[in-house]
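A.B. asks: Listed below are the residues making up each chain.
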Amino acid sequence: MAAEIKAPALRPLPLAPPLLPGAMAGSRPYVASDKMQQALGFPGELAPDWQPKALAKMGELLGRYRSLRVFLDACVHCGACADKCHYFLGTQDPLNMPVARQDLMRSVYRRHFTLPGKLFPRLVGARELTREVLDQWYTYYNQCSECRRCSVFCPYGIDTAEVTMAAKEIMDSVGLGQKYSNEIIAKVHRIGNNLGLPGPALADTLQGLEEDVKEETGADVRFPLDEAGPRCCW
Amino acid sequence: MSLASLLFALLYYVAAAVLVGGLAYRIVGYARTPAPLKIPTTPAPTTGGGVVLRLAREVLLFESLFKGSLWLWGLAWLFHAGLALVLLRHLRYFTEPVGSWLVFLSPFGVYAGFAMAAGLAGLWLRRLWLPPVRYISTPSDHLLLGLLLAIAGSGLALKFGVHTDVVAVKSFFRGLLTLAWKPLPADPLLWLHLFLVAALMIVFPYSKLLHAPGVFFSPSRNQADDPRDRRHLAAWAARLDS
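Note that the protein sequences, when read in sequence, are chains A and B.
According to numbering that gives the first Met the number 0, the first sequence is numbered sequentially starting from 0.
According to numbering that gives the first Met the number 0, the second sequence is numbered sequentially starting from 0.
The hints are simulated quantities; they were obtained by calculation from the structure and are not laboratory data.
Don't take each hint at face value.
As the list claims (entries may be wrong) - Where chain A lies over chain B, by a calculated footprint (3+ residues, C-beta under 8 Å):
no., segment
1, 26-37
2, 66-78
3, 88-97
4, 144-155
5, 216-228
As the list claims (entries may be wrong) - Straight-line alpha carbon distances no greater than 25 Å define the calculated SDA-like cross-link-like pairs of lysine to any residue that follow:
no., chain 1, residue 1, chain 2, residue 2
6, A, LYS117, B, VAL19
7, A, LYS56, B, VAL13
8, A, LYS56, B, ALA34
9, A, LYS167, B, ARG238
10, B, LYS37, A, GLU44
11, A, LYS186, A, GLN37
12, A, LYS52, A, THR138
13, A, LYS117, B, SER206
14, B, LYS37, B, VAL19
15, B, LYS158, B, TRP235
16, B, LYS37, A, ILE184
17, A, LYS167, A, LEU224
18, A, LYS167, A, PRO16
19, A, LYS56, B, VAL19
20, A, LYS56, B, ALA30
21, A, LYS83, B, SER136
22, A, LYS83, B, GLY121
23, A, LYS117, B, SER241
24, A, LYS83, B, PRO44
25, A, LYS56, B, GLY47
26, A, LYS167, A, PRO42
27, A, LYS83, B, ARG133
28, A, LYS117, B, LYS181
29, A, LYS56, B, PRO44
30, A, LYS56, B, ARG133
31, B, LYS181, B, PRO33
32, A, LYS186, A, SER172
As the list claims (entries may be wrong) - Computed footprint of chain B on chain A, listed as stretches where at least three residues anywhere in the stretch have a Cβ under 8 Å from a Cβ of chain B:
no., segment
33, 40-46
34, 70-81
35, 96-109
Computed from a prediction, not measured in an experiment: that's the story for all the values here.
Think of the CB as a built atom: it goes at the ideal place given N, C-alpha and C, for glycine as much as any other residue.
Isolated chain A (complex conformation) (with noise of 0.2 Å):
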C-alpha cells in the first residue's frame, strides 16, 4: 500500500523578496586551468596589465555589439526585471536582480567610457574594473544562465544574456574562464566530443552496445564511427 502523498499549499511569494546581500558571495565555478585557457587561445592566467586589456577588450565588444551598447546606456534602475528573475528569487542575494547584474559591467562602462562616470562617478555609480570588481563579475555573471525572462518585462527590452555573454568573453580575453565549458570547449577541439572520449574507447563502447542489442533483441545493428554515409547519428 502506497503512503498517501498530499502536495503542499502552495506559498504565496512577498511582492518584493526581502533582501540577503551577499547570500550567494561565495558560489562560484572552478576557474579554467592555464592548460584549458591556452587551449582555446586565450591567456592561461591574469596577467599583471589584465585591467587595460579588458577595458580593451570591452571597447571592442561595445563597437560589436549594439545591444550592450544600448542596454548598458538605456537601463533606467526601474526594477521591473528584478522580481523575474528565479535566481535572485531563489536566493535573495540583490546582486542577482538582474539590473543589479547588469549594474556590475554598467557601473565599469560608466567609469571608463562615459563623460558623467569620468567627473562624478559616484554620482552616477561608477566603478573602477578592480580586482574585487572583476571577482563579483566571475561569481555573479556565472550565477546567470542566461534564460533572457528579464527581456521580457523590461521596458526597453534589456537583455541580460548579452551583458552576461559579453562580460564572460572579456573574463576569458583576460584568462579567467570558466572550467567546466572552457575545458569541454578545448576537448570538442582537441578530441572530438565532449566528453573527451578518445577513439579507440568510443569504438570499444560501440562495440559493446552492438553486443548488448543483439543479446537483447537477436537484431543484428551495427553503430558506425566515422563512417560517411548512415542515415542516423546519434
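Here the structure of chain A is known, so what remains is to put chain B in place on it, guided by the hints.
C.D. replies: Chain B in isolation, oriented as in the chain A frame:
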C-alpha cells in the same frame, strides 16, 4: 536687454546644441554599431510591419512594463503621458500663429501637469520605499526625479500661483528662434523653471534619459523573428565565416 536675458539666451543656445548634438551623436553611434545576433524576445512579430506595431505599443503603451509591474506601469505612464501633453502645450511658446489643434490640446496640458507631478511623486516614493529598487538606485536616479519634479512644480506654480508675463516669454523664445533677441521678464520663479529645463536638456544625452532613443534601437524589440527565411549576418561575423 538685461544681463539675465542675455545669459538665458546664451544658456538656451548651448542647451539646445548639447541636446540635439549629443542625441545625434548617440543615435548615429547606435545605428552604426552592428547587431550580429537575431534576438527578438518572444512572442515576436515575424514581419517588418509587426515590428512597427510592437514598437508603437512599447513606446505609447509601455506594453512590456504592463506585463512586468502594474503599479510601476501606472505611475510611469501617468508621468510620461502627462509630460507629452505638457510638452505639446509648450509648443505655443514657439509657433506663430498657434494652430487650432494646439488651441484644442492646451487645456489638457494644464491638467496633464498635475498628472505628471503625481506620477513623478509616486515613482520617487516607490524608489524610496521598495528595498530592491532602493538597492539599485544611484544618487543620479534620485536627482533626475527631483529635477523633473522641480520643473513640474515650478511650472504649475507659474500657472496657478505667481503669474508671469507669458506674452513676453513667448517673444523671448520667438526671438531666440528668429535671432532677433527680446528681453525675458525678470521673474525669479520663471528663471528657476527655465534654468531647470535647460539643465535637463543638457544632461539628457549623457544620462539614463537615453532610454528614449534607446528603445527604438533595442535588438530584442526592433527585430523581426525571421532568421529561417532570411539569413541574418553582420559584416564582422561574415568575415569569421569565410
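A.B. asks: For each hint, tell me whether it holds in the structure or not.
C.D. replies: Checked hints:
Counting residues of the segment 26-37 of chain B whose C-beta lies closer than 8 Å to any C-beta of chain A gives 7; at least three are required, and the coverage claim holds. With 5 residues having a beta carbon nearer than 8 Å to a beta carbon of chain A, the segment 66-78 of chain B meets the requirement of three or more and the stated coverage holds. Three residues within the 8 Å Cβ limit are the bar, and the segment 88-97 of chain B against chain A gives 0, so the coverage statement is violated. Here the segment 144-155 of chain B counts 0 residues with a CB under 8 Å from a CB of chain A, which misses the bar of 3, and the coverage is violated.
Coverage of the segment 216-228 of chain B by chain A holds. Counting CB-CB distances below 8 Å, 5 residues qualify, and the rule asks for three or more. In summary, the hint linking A/LYS117 to B/VAL19 is supported, as the alpha carbons are separated by about 22 Å, within the 25 Å threshold. With a C-alpha separation of about 35 Å, the suggested pairing of A/LYS56 with B/VAL13 is violated against the 25 Å cut-off. Distance check on the hinted pair: A/LYS56 and B/ALA34 sit about 17 Å apart at the alpha-carbon level, within 25 Å; holds.
Distance restraint check for A/LYS167 and B/ARG238: the Cα-Cα separation of roughly 22 Å lies within the 25 Å cut-off, and the hinted pair is therefore satisfied. Between the alpha carbons of B/LYS37 and A/GLU44 the distance comes to roughly 33 Å, so the proposed pair goes past 25 Å and is violated. For the given pair, A/LYS186 sits about 12 Å from A/GLN37 by alpha-carbon distance, which is consistent with the 25 Å threshold. Restraint check for A/LYS52 and A/THR138: the C-alpha separation of about 20 Å stays at or below 25 Å, so the hint holds.
Restraint check: the Cα-Cα separation between A/LYS117 and B/SER206 comes to about 13 Å, which is no more than 25 Å; the hinted pair holds. The straight-line distance between the Cα atoms of B/LYS37 and B/VAL19 is roughly 30 Å, outside the 25 Å bound, and the hint therefore fails. Among the hinted pairs, B/LYS158 with B/TRP235 is inconsistent with the structure: their alpha-carbon atoms are about 55 Å apart, more than 25 Å. For the hint linking B/LYS37 to A/ILE184, the alpha-carbon distance of about 23 Å falls within 25 Å, and the restraint holds.
Distance restraint check for A/LYS167 and A/LEU224: the Cα-Cα separation of roughly 35 Å exceeds the 25 Å cut-off, and the hinted pair is therefore not satisfied. In summary, the hint linking A/LYS167 to A/PRO16 is not supported, as the alpha carbons are separated by about 28 Å, beyond the 25 Å threshold. Restraint check for A/LYS56 and B/VAL19: not satisfied, since their Cα atoms lie roughly 30 Å apart, outside the 25 Å limit. At roughly 21 Å between alpha-carbon atoms, A/LYS56 and B/ALA30 fall within 25 Å of each other, so this suggested pair holds.
Only pairs whose Cα atoms come within 25 Å are accepted, and A/LYS83 paired with B/SER136 is accepted, the gap being roughly 18 Å. Between A/LYS83 and B/GLY121 the alpha-carbon distance is near 22 Å, which keeps this suggested pair within the 25 Å criterion. For the hint linking A/LYS117 to B/SER241, the alpha-carbon distance of about 40 Å lies beyond 25 Å, and the restraint is violated. For the hint linking A/LYS83 to B/PRO44, the alpha-carbon distance of about 23 Å falls within 25 Å, and the restraint holds.
In summary, the hint linking A/LYS56 to B/GLY47 is not supported, as the alpha carbons are separated by about 33 Å, beyond the 25 Å threshold. This hinted pair checks out: A/LYS167 and A/PRO42 have alpha carbons roughly 14 Å apart, not beyond 25 Å. Taking the CA atoms of A/LYS83 and B/ARG133, the gap is near 17 Å; set against the 25 Å cutoff, the hint holds. Taking the CA atoms of A/LYS117 and B/LYS181, the gap is near 38 Å; set against the 25 Å cutoff, the hint is violated.
Proposed proximity of A/LYS56 and B/PRO44 is contradicted: the alpha carbons are some 33 Å apart, above 25 Å. Between the alpha carbons of A/LYS56 and B/ARG133 the distance comes to roughly 32 Å, so the proposed pair goes past 25 Å and is violated. Simply put, B/LYS181 and B/PRO33 have alpha-carbon atoms about 47 Å apart, too far for the 25 Å limit, and the pair is violated. The straight-line distance between the Cα atoms of A/LYS186 and A/SER172 is roughly 19 Å, inside the 25 Å bound, and the hint therefore holds.
For the segment 40-46 of chain A, the proposed coverage by chain B is not satisfied: 0 residues have a C-beta within less than 8 Å of a C-beta in that chain, short of the threshold of three. Counting residues of the segment 70-81 of chain A whose CB lies closer than 8 Å to any CB of chain B gives 11, so the stated coverage by that chain holds, three being the minimum. Here's how the segment 96-109 of chain A fares: 4 of its residues keep a CB closer than 8 Å to some CB of chain B, so the rule of at least three is met and the hint holds.
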